[in-house]
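Heads up: the protein sequence lines correspond to chains A and B, in order.
Using numbering that gives the first Met the number 0, the letters of the first sequence correspond one by one to residues 0 to 952.
Using numbering that gives the first Met the number 0, the letters of the second sequence correspond one by one to residues 0 to 79.
Note that these hints are calculated values from the structure, not bench results.
It cannot be assumed that every hint is accurate.
To be verified - Within a straight-line C-alpha distance of at most 20 angstroms, the following computed EDC-like cross-link-like pairs (lysine to aspartate or glutamate) qualify:
1) Lys381(A) to Asp13(B)
2) Lys196(A) to Asp209(A)
3) Lys381(A) to Glu29(B)
4) Lys795(A) to Asp40(B)
5) Lys795(A) to Glu27(B)
6) Lys795(A) to Glu36(B)
7) Lys269(A) to Glu58(A)
8) Lys427(A) to Glu454(A)
As the list claims (entries may be wrong) - Looking from chain A toward chain B, a few residues come up when the C-beta cut is under 7 angstroms (computed):
9) Glu622
10) Gly624
11) Leu625
12) Glu766
Here a beta-carbon is modelled for each residue, glycine too, at the ideal position from N, C-alpha and C.
Chain residues, written in single-letter form:
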Amino acid sequence: MGFTRETDHGTPPALVTGRNVTLTIDGEQVTLPEGTSIMRAASLSGGSIPKLCATDNVESFGSCRLCLVEVEGRAGYPASCTTPVAEGMVVRTQTERLKQLRRGVMELYISDHPLDCLTCAANGDCELQDQAGAVGLRDVRYGYDGATNMGQPKDQSNPYFDFDPSKCIVCSRCVRACDEVQGTFALTIEGMGFNSKIAASQNDSFLASDCVSCGACVQACPTASLIEKKVVETGTPDRAVVTTCAYCGVGCTFRAEMRGQELVRMVPWKDGKANRGHSCVKGRFAWGYAQHQERILSPMIRASVSEPWREVSWDEAIAHTASEFRRIQDKYGRLAVGGITSSRCTNEETFLVQKLIRQGFGNNNVDTCARVCHSPTGYGLKTTFGTSAGTQDFDSVEQADVILVIGANPTDAHPVFGSRMKQRLRPKNGKAGAKLIVIDPRRIDLVKSPHIAAEHHLPLRPGTNVALLTAMAHVVATEKLYDEAFIRTRCDWDEFQDWADFVSEASRSPEAIEPLTGVRAADLRAAARLYATGGNAAIYYGLGVTEHSQGSSTVMAIANLAMATGNIGREGVGVNPLRGQNNVQGACDMGSFPHEFSGYRHVSDAAVRETFEAAWGVTLDSEPGLRIPNMLDAATDGSFKGLFIQGEDILQSDPNTHHVAAGLAAMECVVVQDLFLNETANYAHVFLPGSTFLEKDGTFTNAERRIQMVRKVMAPLNGYGDWEVVQLVANAMGLGWNYTHPSQIMDEIAALTPTFAGVHYDRLEAEGSLQWPANDAAPDGTPTMHIDGFVRGKGKFVVTDYVPTDEKTGPRFPLLLTTGRILSHYNVGAQTRRTANTAWHPEDRLEIHPLDAENRGIKEGDWVSLKSRAGETTLRALITERVAPGVVYTTFHHPDTQANVITTDYSDWATNCPEYKVTAVQVGLSNGPSDWQEDYAEQARQSRRIMTVEAAE
Amino acid sequence: MAGAHDSDVMSTADRLVHMANQIARNLEAEGDARAVEMTADHIRQFWDPLMRQRIVQLALDRPGALSPIAAAAIERIAAA
Ligand code: SF4
Ligand code: SF4
Ligand code: SF4
Ligand code: FES
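Can you build the whole structure from these sequences, using the hints too?
Rendered as structure tokens:
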């Protein structure tokens with residue numbers, strides 16, 4: 000049927016040098032960039048040379064000898080995959096001699112390969128089969144006795160793919176994919192010649208090895224040797240639809256390969272500009288949650304959260320929702336209700352939720368979970384540069400000479416970008432790797448991984464980011480490492496001097512702050528010099544920067560450093576927030592914050608407000624609304640009574656669980672729209688079933704500001720896309736919306752948002768993606784921002800004073816807890832926990848340094864209690880030197896652990912982004928789950944009950 | 000359920016005071032006059048009207064709870 004794989008040109012594109020060469024292939028003249036292989040040249044000009052060991056995701060290796068060609072004037076038969084084109088070359092790809100040679104090669108392969116093609120899972124999608132056909136193989140003269148490979152046991156340990164060594168042709172494509180594309184170096188070839196075999200590291204099973212299950216090897220494998228379990232189960236796909244991953248802010252695009260309505264596999268799209276044909280375990284494999292049995296498909300309501308849920312029709316649920324919000328507003332006032340948009344939903348859905356609130360509720364009480372992750376990025380970059388977004392595209396990392404990673408763990412949290420970063424950190428084609436500076440309390444994987452070692456790792460004490468960055472600025476200013484020309488033209492020189500005077504004070508020197516940060520002054524100075532003078536220097540940061548009481552200041556301190564050293568406004572440099580969830584950027588862009596409309600324009604701006612008022616036919620509130628923590632405060636105080644939550648689980652993801660629970664419990668109507676009965680739904684009165692990204696059209700915007708299409712590949716199991724549900728609620732409130740397709744919502748966004756003026760579905764279809772701003776000034780979008788000038792005009796240096804957090808260690812709570820996440824799970828884990836990804840991370844663990852463990856008599860795997868002034872939980876200990884003495888670390892993927900029971904209510908001074916990354920705690924031995932955990936489990940069980948409907952007579 | 004720990008968590012009123020002081024403290028390095036102006040601006044831009052009313056009242060009810068910069072900023076908000 001209509002299914003084919005993407006064309007494989009055999010070898011990757013040549014490095015761009017700008018020079019072309021012209022040659023003749025089979026009588027046709029072709030002109031191509033120098034450095035292109037003959038194989039790629041033939042493929043690009045419409046031909047195809049038989050091949051087995053070459054594939055265009057990895058460098059060629061030249062081992063199978065199937066791709067031989069004849070080149071006039073050259074002796075022998077060079078391999079076309081390893082021979083570059085040359086000026087005037089005359090190549091023949093198909094001659095009698097070549098045919099003979101290729102058949103010979105093929106015969107050898109087939110003599111050591113099982114001939115069970117008809118029942119093989121890769122039947123119809125196997126390159127060995129295809130190539131046997133292509134070379135016209137009809138007979139195998141050697142017989143099948145020489146076989147050394149056949150009959151070996153399969154390795155089925157990985158939950159998503161099988162390894163069958165009997166079918167392996169030892170082409171090493173998997174090994175190269177793991178090394179070059181993924182950068183994990185988990186596979187090796189053991190033995191020599193005919194006896195060589197592929198093995199996972201240390202001859203372990205795949206699951207026990209270093210393999211991170213990214214699937215690059217499976218995608219590269221030409222046979223059924225490495226194959227998706229789902230393909231084994233279902234058969235090969237018959238159609239493919241390009242869509243975007245719904246997990247993280249990298250925004251990988253995939254071909255969703257389908258058979259009918261069934262998803263067979265996700266294959267990363269080579270044309271995807273964010274991921275360039277790669278993906279991680281989540282996007283490629285962990286989509287089983289979409290069909291999970293716990294998914295709720297019928298709307299449900301209940302009068303109080305102590306009652307079981309009652310399934311109702313969509314009509315009833317929608318009417319009830321609308322009447323509850325109206326009732327509450329009549330009784331408690333216009334400001335007593337609000338809503339939360341989701342960074343998991345599409346731009347269009349997010350836009351509609353904030354529209355529902357501003358137009359329908361008549362207030363600005365809308366916020367988004369970006370509040371708890373990247374709101375300081377919004378504030379900090381808007382203040383310094385003039386717009387709330389990262390400055391580069393991902394490709395930019397290829398031009399970086401120095402990479403500074405602060406408070407981010409890309410190999411776990413942004414794996415595909417992590418792999419791309421690692422490609423740049425390793426030497427390649429004679430070019431030295433970029434130098435790496437890591438600033439993080441923990442020794443993250445990047446610090447030392449195969450063929451990569453950080454030049455500097457500065458393991459600072461949690462909570463001292465601003466002091467450390469200011470000390471780096473001190474070095475830049477006092478050693479005159481700044482870029483005066485850049486500052487004079489692009490920033491305000493007087494402002495720079497005020498800032499330079501401030502950072503130059505002796506009290507801000509690396510030596511002076513050493514006792515505070517715990518980072519050796521000499522290391523800090525060396526790192527600062529490298530950043531300032533090492534060529535193109537790019538900063539990548541994550542939640543370890545933003546989730547602090549000085550998150551916004553830290554973002555501004557980063558921006559200051561980049562401006563002072565002229566590292567802004569071209570490829571290879573910049574300030575890059577690594578966004579957490581898939582559409583955090585989009586949720587922020589779409590006007591999810593209570594103080595601003597889409598495109599980051601304050602609600603008090605009368606001219607902007609008028610454009611929305613004209614479009615929506617209502618008067619809009621000119622006062623900022625409540626942020627999530629403020630809503631919860633107002634709820635506990637009795638003035639806030641109703642909340643519409645789309646696709647967020649604030650009870651699990653927000654700090655200080657007790658406070659969130661108290662706030663939710665105080666409300667009269669909590670509406671949760673989600674796939675599953677999440678933790679927040681324990682406090683909800685209305686549950687509206689959500690749809691997955693596979694079930695609707697829309698767009699996501701990734702961390703590079705790249706707007707990409709999400710395409711419906713199957714009908715929504717719950718009946719409606721989330722945007723349709725919001726529209727039903729809006730219409731039940733009398734708003735008279737009539738969108739028939741998300742493209743119309745995007746047209747409205749474009750009409751009302753200057754930076755999105757050029758964003759329409761037909762353009763996205765044509766371009767594949769667009770990076771905003773995309774408008775008349777930048778019709779093709781904007782890969783690099785602030786090229787000729789900052790969005791705000793002149794870049795602004797902001798004095799960032801270090802203010803220690805109020806969260807302090809003391810005798811009761813002597814350790815500092817910091818939190819993070821791991822590769823195989825995602826955020827609160829609602830989706831990933833419902834997939835086979837649990838094979839890698841069945842529980843949250845507490846990382847603790849051996850010294851601290853020993854002092855407390857804690858051994859590996861012991862149950863320990865973790866206490867802060869906000870609460871207590873228990874989990875098992877993992878003893879490791881990744882964390883420094885005095886620091887402990889955990890993830891927050893599992894509701895049983897509820898790490899946020901521990902986190903407190905301190906937050907960023909400018910944005911109220913919670914201080915997840917610093918909590919004073921005590922750790923001690925424990926017997927098992929705390930009382931709270933048991934109470935919670937019981938409460939959750941109670942509130943998840945669904946009334947069973949009597950079967951109809 | 001949450002009972003055992005409530006005493007350690009701020010009340011809404013305490014939190015508002017804490018937040019105002021925190022903003023003022025982070026802007027202190029700008030010099031007093033600018034810090035007052037910037038603190039007032041910040042609160043006007045990001046706090047909803049009820050929170051602003053509340054902090055104005057708290058400034059009256061709890062003399063000395065706000066730092067001098069925060070107090071001056073709240074005075075401006077009250078005057079407007
Ligand atoms: S799945 Fe990824 S990490 Fe694992 S062996 Fe294959 S390429 Fe390497
Ligand atoms: S497992 Fe597949 S990709 Fe790897 S060497 Fe064998 S045939 Fe080649
Ligand atoms: S989770 Fe992130 S890195 Fe992994 S496939 Fe999805 S977008 Fe890519
Ligand atoms: S494809 Fe060129 S040698 Fe294998």
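**OP:** Please write out, lowest number first, the hints stated earlier that are contradicted by the structure.
**Re:** 1, 12
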